[in-house]
Amino acid sequence: MQLIVMLVSTYIATVAFSILINIPRHALNLAGIVGTFGFFIYWLYMYFIGGYVIANLLGAVVIGIASMAAARYKKMPMILFNIPSIVPLVPGGQAYQMVKNFALGNTELGTKFMFEVIMIAGAIAFGFILAETVNRVSVRIPTKWAKRWLRENRRNPKL
Numbered sequence: 001m002q003l004i005v006m007l008v009s010t011y012i013a014t015v016a017f018s019i020l021i022n023i024p025r026h027a028l029n030l031a032g033i034v035g036t037f038g039f040f041i042y043w044l045y046m047y048f049i050g051g052y053v054i055a056n057l058l059g060a061v062v063i064g065i066a067s068m069a070a071a072r073y074k075k076m077p078m079i080l081f082n083i084p085s086i087v088p089l090v091p092g093g094q095a096y097q098m099v100k101n102f103a104l105g106n107t108e109l110g111t112k113f114m115f116e117v118i119m120i121a122g123a124i125a126f127g128f129i130l131a132e133t134v135n136r137v138s139v140r141i142p143t144k145w146a147k148r149w150l151r152e153n154r155r156n157p158k159l
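UniProt numbering numbers the first residue of the sequence shown as 1 and each following residue consecutively.
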C-alpha cells in the first residue's frame with residue numbers, strides 16, 4: 001500500500017511540476033508516467049539492494065530512455081519529459097540538511113551531506129549521458145546493418 005501511495009504522489013508531483021514550468025497540456029500525462037517509472041526503478045533498487053548513488057543513476061537512465069521514447073511518440077522535444085521527470089530524484093532533503101548543518105556550524109556533517117548531493121547530482125547527469133549513448137548506439141547499429149544488407153542484396157549491381 002505504501003508503494004502505491006508513493007507512486008501516485010510521484011505522479012502528482014511530476015505533473016504539478018510540469019504544469020508549473022508550462023509543459024504543453026497533451027504531454028502532461030506522459031511526463032507523469034515517465035517520472036513515476038523512473039522513481040519506481042529508483043525505489044526498487046533502494047528497497048532490494050540499497051545505495052543512493054546507483055539508484056539515482058539507474059532512475060536517470062530509465063528516465064532518459066523513456067523520455068526519448070515519449071519524445072518520439074509525441075513528436076516533441078525530449079527536454080519536456082526529462083526536466084519534470086527528474087524532480088522525484090533530486091536530492092532536496094540532503095541539500096536542506098547540508099545548508100542547515102553549515103548554518104548551525106556543524107561543518108563535518110554539512111560536508112558529508114554536500115558530498116552526497118554532489119554524488120547524486122553527478123549520478124543523475126551521468127545517467128542522462130548514458131541514456132543518450134544507449135540511444136545513439138541503438139539507432140546507429142541497425143542503420144549500419146541495414147545499409148550493409150542493402151548494399152549486398154541489391155537487385156541491380158550497377159545502381
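Keep in mind that the hints were calculated from the coordinates and are not lab data. Only a predicted model underlies this, so the values are computations on that prediction, with no experimental measurement involved. Check before you lean on any hint, since a few could be wrong.
For lysine-lysine, the following DSS-like pairs were computed, each having C-alpha atoms within a straight-line distance of at most 30 Å [stated by the list, open to error]:
{"id": "1", "residue 1": "K147", "residue 2": "K74"}
{"id": "2", "residue 1": "K147", "residue 2": "K100"}
{"id": "3", "residue 1": "K100", "residue 2": "K112"}
Label pairs and their in silico Cβ distance ranges [as the list claims (entries may be wrong)]:
{"id": "4", "residue 1": "Y73", "residue 2": "L20", "range": "44 to 50 Å"}
{"id": "5", "residue 1": "T111", "residue 2": "I141", "range": "41 to 47 Å"}
{"id": "6", "residue 1": "P24", "residue 2": "T133", "range": "33 to 39 Å"}
We treat Cβ as the ideally placed atom computed from N, Cα and C, and that holds for glycine.
Structure-based check of all given hints:
1. K147 with K74: Holds: K147 and K74 sit about 28 Å apart, inside 30 Å.
2. K147 with K100: Between K147 and K100 the Cα gap is close to 58 Å, so the pair fails against 30 Å, i.e. violated.
3. K100 with K112: 12 Å, holds
4. Y73 with L20: 44 to 50 Å: 23 Å, violated
5. T111 with I141: 41 to 47 Å: 44 Å, holds
6. P24 with T133: 33 to 39 Å: 28 Å, violated
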